[in-house]
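Starting from the given sequences, assemble the full structure and let the hints guide the process.
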Amino acid sequence: MDYSTVPSGAPILQMNGITIRFGDVVANNKVNFELRKGEVHALLGENGAGKTTLMSVLYGLYQPQEGETIIKGQKTSIKSPNDAMDLGIAMVHQHFLLTLPHSVTENIVVGLKSNGFFLDLSSAERKIKQLSEMYGLKIDPKAIVGDLAVGEQQRVEIIKALYRDADILILDEPTSMLTPQEEKSLFSTLQSMVSQGLSIIFITHKLREVMEASNRVTVLRGGKVVGTVSTSETNETELAKMMVGRTVVESIQSKATSRNPDVLQLKNVSALNNANIMFLKDLSLELRKGEIFGIAGVDGNGQAELAEVVAGLRKVQGGEIIMDNQLITNLPPRKIRQWGLAYVPQDRLETGLILEYSISENLILDRWYTDEYSGKIFLKQGEMREFAKKVVTDFEVKTPGIDLPVNSMSGGNLQKVLMARELARNPKVLVVHNPTRGLDIGAAEYIHKQIVKQRDNGVGVLMISLDLDEILTVCDRIAVIYEGKILAVMDRKDADVEQIGLMMGGKVVVSKEGTS
Amino acid sequence: MTGETEAVIIGVIVSGMRLMTPVLFAALGEKIAERSGILNLGLEGMMLLGAFAGFMGTYITGNYVVGIVMAIAAAAALAVLKGFLSITIRTNQLAAGLAIWLLGTGLAALLYRLTFGIQTVAPSVELMPKIDIPGLSTAPGVGPILFNHDPLVYIALLLVPVTYYFIFKTNLGLKIRTVGENPKQADALGVDVNKIRYLAVIIGGAMAGIGGAYFSLVQTGYFLENVTGGAGWIALALVIFGRWKSYWICAGAFIFGMVDSFQLGLQATGTSLPFQFLLMLPYLIPIAILAAMYKKAGAPAALAIPYKRGER
Amino acid sequence: MSVLTVLSQTRQKVGDIKFFIPFASGALAFVVGAIILASAGVDVGNAYATLFRGAFGSVFGFGDVLLKTISLLLAGLAVSVAFRCRQWNIGAEGQLYMGALGGTIVGISVLGAIPGLGILAVIAASAIFGALFALVPALLKVKFGVNEVISTVLLNFVALLFIAFLLHGPIKAPGFNPYSPEIAEESQMPVIIPGTRVHAGLIIAAIATVGVYYLWKTKIGFEIRSVGANIKAARYVGMNVGKSVLVTMAISGGLAGIAGGLLVSGVQHILIEGISPGYGFVAVIIALLGRQHPLGVAIVAFFFSVLMTGSETMYRSLGIPGAFSMTLQALVLVFVLVGGLFVIWLNKRNGRGVR
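Line order of the protein sequences matches chains A, B and C. For the first sequence, this note's numbering gives the first residue as 51, with consecutive numbering after it. For the second sequence, this note's numbering gives the first residue as 46, with consecutive numbering after it. For the third sequence, this note's numbering gives the first residue as 14, with consecutive numbering after it.
Don't read these hints as lab results, they were simulated from the structure. Don't take every hint at face value.
[As the list claims (entries may be wrong)] If we take Cβ atoms under 8 Å as the criterion, some of the chain C residues that face chain A in the derived model are:
1) Thr231
2) Phe235
3) Ser239
4) Lys245
[To be verified] Cross-link-like lysine to any residue pairs, in silico, SDA-like; alpha carbons within 20 Å at most:
5) Lys430/A <-> Gly224/C
6) Lys478/A <-> Pro382/A
7) Lys230/C <-> Ser408/A
8) Lys385/A <-> Asn253/C
9) Lys240/B <-> Arg135/B
10) Lys245/C <-> Ile194/A
11) Lys557/A <-> Asp332/A
12) Lys290/B <-> Ile194/A
13) Lys230/C <-> Gly451/A
14) Lys214/B <-> Pro382/A
15) Lys240/B <-> Asn132/A
[Claimed, not checked] Distance ranges between label pairs, derived from CB positions:
16) Lys185/C <-> Val110/B: 44 to 50 Å
17) Gly67/A <-> Lys240/B: 31 to 37 Å
18) Ala346/B <-> Ser238/A: 32 to 38 Å
Glycine included, C-beta positions come from ideal geometry on N, C-alpha and C.
Structure (structure tokens):
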């Protein structure tokens, strides 16, 4: 595809009326998007807004149910990444698609249609060096990708795109793993690419990036386009409003807890993520007895790591975790649970439950060895079933049968079972991560009711959630996590949605009397 | 070194090279399949079917090439089935492999008996003749070791650098490796993950077939049930031992061949060690090696994991 | 009609299809077998008639079906126990032989001649020998991470060679043949169905089936199952994975060992090479098909016994090789695996996503 005939500033790509549904969820709802030649266009939105989905459609990974894509004035149908690449569209994914044991060159040239039978690494290396110099992307083509720093790995991804003569480059959350220096370097690279005639789309939730690096920005919310503006004509506050703006219905009474003692403290906790990058950086927070403490933030800022260090599933590299005056840093999960922690992970199926087991078996997964549920040799089936029956009644669990495997139950009911198990321990601290993700409204409301009940009984609840609505309606105090740190803590009554939006996007707001 | 000892040592090495050949074929082929992410536990079955088909082809036509071609075809057909189960149906690769193993074993024995029935004198083919390079093959010491083997030995040894070159120096090889390490990346770059895996498993099957045919056409001249004697399983262990690299796999196969030959030689010299213990060595050594390796390093990251676009 | 109703109805239908697959696979296997036989010029109708006649046509024949069921059931249970913990024990044949060895050693010793105790001692010894032999790959896996598929398969060969060695020397009966001496009469299983060779081992196999059923209701059984079902969740709640692996393999080897012991004590009364025509390998198919449920294993074991017994008759009367039954058994497995695709396809068609 030859884009050289398109004048700078003219539309090069248009997506009209894109609608795509996954089951009941409408990920993109009649989305219109336009990219002009030579611009850096930011796609801004919070979790689940539909940004990555839209770009996946453009890259041929998904087919929309409605809408059309027009490139250079011509309607085109992009059925696979191959089609996208033929049209000069390249995508750098948020989680890099690289083969670590291979060299930079091997990662870049694999699958190229122009390849002959024999691997010609030397001419590929030359071309890579050329591109590297042209765009200021320092990289050694012979290096093994596994040995490179994250910023360098990203350069490999970008060169991968440029090597394939990309004219339109899509970057998905490009700075999520970069240091500030690497970020600066990336932005100047974007400028030099644009000056060479490329057009760039980058997906982000970070307001500062939008302001720094883009010419125009399109804001998505709940699958719909809120608006497209020139970056020079807007500011972070306005963008935050567009990104997050909502009127929130308050239905749950928040409690004033300033006089309650702390039941969980994290002091300067640092931890690595799975890619061995320091993901929690000096994080501190205090959870009080009898409160629901919400942690808002965009996915990928350390939420999972935070939950895991508290539950003992992830090593803490620095700092301390104290629960009810007991040091629980780096203790085995079983111990931490014995001392009063209940944990409902976001991945209820992988770590929380065993799908082929029945309700009663899942309920005793963490206590099968206790006298209550087993004799010398055999499990006490009667007691297990009684427990299950009680849970089904108390928690209004809809199930075709308490002896059937739970894999036929809906997400909401599975979550109820998981919560019931954790709560049956009468914990001191309850950590819930995305507790109502994927649940219908009825189930979600029920889970919230249970959480509030725990709070009213004096339990300290740490709720980490990607759903801002949930945080704003249920929690007593709210904090925002950004890049592994807690930015600010405020009472719900003082919570300002715009401010929270700003903080989610990385802009620290001077707090009022928020930290009570 | 006395002339007799020297002769024995040479004899052991020569014999060892023949014993290592079928295992080498199968291991090199399996290496290619595993590099693409497919684990083939049915290797033994493919070899047996290849042994039978190779025997049949040669028996009927008197032509070794026809035999080898039929061995390749039969084993490759079984490989297609393995691919279908593992790539298209994405079933548990263990179950699929075991099914292929038992199917290949059963079919080979069944078809053989159905064809030949029970005969007082078992049908046989003439053993594949050795290549005789005039002058060289009679050279002292080196001669018999290097220059007096049947063609398949040379082909197997040749395949070592060929497979190395194929996997590391060609674009198709790079595709195979990438599919085995990061199928998502390959898919996003337009590589047909399934097609590559089918190709790799079929190549693996073909080579296993040749390895199987070696037993019937070179080592025995008959088809016997279970003539392969676990060679397919040893090949699987060798791939791990060789860390999916051709030259190391060859080294491992060589060790195996020498051990096997050594114990046969010991039997011949009438040692007091019961021969059964010697026969155990070829099976115990791979286990010991695997234990010593302690956590194999370098397995293709996507080995034995089915791939589906869009799945996280 | 609400979405839930449609979904549950479809679920029932799909559930039915899932149930239907093993039978369809069996039928298809017979069809393919027929094709193979026909292409070899065999009269298929006659062949299959002979098969059924061999299995069901006489009391003695049916007795042999039950006899084989003893071995296949015990071996199948052995493998299914291991599979339940995701331990891929392909070494049941070797463990079976080691069990036979243990039973023989006791049977020809003084211990075996004690009335009343002889049989029990034989069974105990075979279980112990089998269990110990299975602990070798288990320890290799737990301590050194050795892939148990490869180690158990290779150890099969080692076991057979070891026994061959013993039969040619240390425990050879006087004479030229590589057999062991006959075990004491007090160690021989009594025949329980007159007119057949069916011995009390059938009761032991039945007890074992019930035993495995109850195993899964015990504390340790729960741990084993959990490790096999979801090792992440099991670790999270603090279960001891290594212990589960060792216990599982010991039980697995023990059951296979008893199968071997019964072959000596119940039928042959001596140990010979080839006492098992590959029961340990067929057991792998049985375990995969029986879906890890003892009753399922029993049913499949029975049908495979029918197949193997009838196949023997086909061989005696028509010369059709014994490998026919192994081929059919493998085909059943292949078709069941293919059937899995069918279920997935049906699920997709009915909009049932993967959770």
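Cross-check of the supplied hints:
no.	hint	verdict
1	Thr231	holds (5 Å)
2	Phe235	holds (5 Å)
3	Ser239	holds (6 Å)
4	Lys245	holds (5 Å)
5	Lys430/A <-> Gly224/C	holds (17 Å)
6	Lys478/A <-> Pro382/A	holds (17 Å)
7	Lys230/C <-> Ser408/A	holds (13 Å)
8	Lys385/A <-> Asn253/C	holds (14 Å)
9	Lys240/B <-> Arg135/B	holds (14 Å)
10	Lys245/C <-> Ile194/A	violated (31 Å)
11	Lys557/A <-> Asp332/A	holds (18 Å)
12	Lys290/B <-> Ile194/A	holds (18 Å)
13	Lys230/C <-> Gly451/A	holds (19 Å)
14	Lys214/B <-> Pro382/A	violated (47 Å)
15	Lys240/B <-> Asn132/A	holds (15 Å)
16	Lys185/C <-> Val110/B: 44 to 50 Å	holds (47 Å)
17	Gly67/A <-> Lys240/B: 31 to 37 Å	holds (35 Å)
18	Ala346/B <-> Ser238/A: 32 to 38 Å	holds (34 Å)
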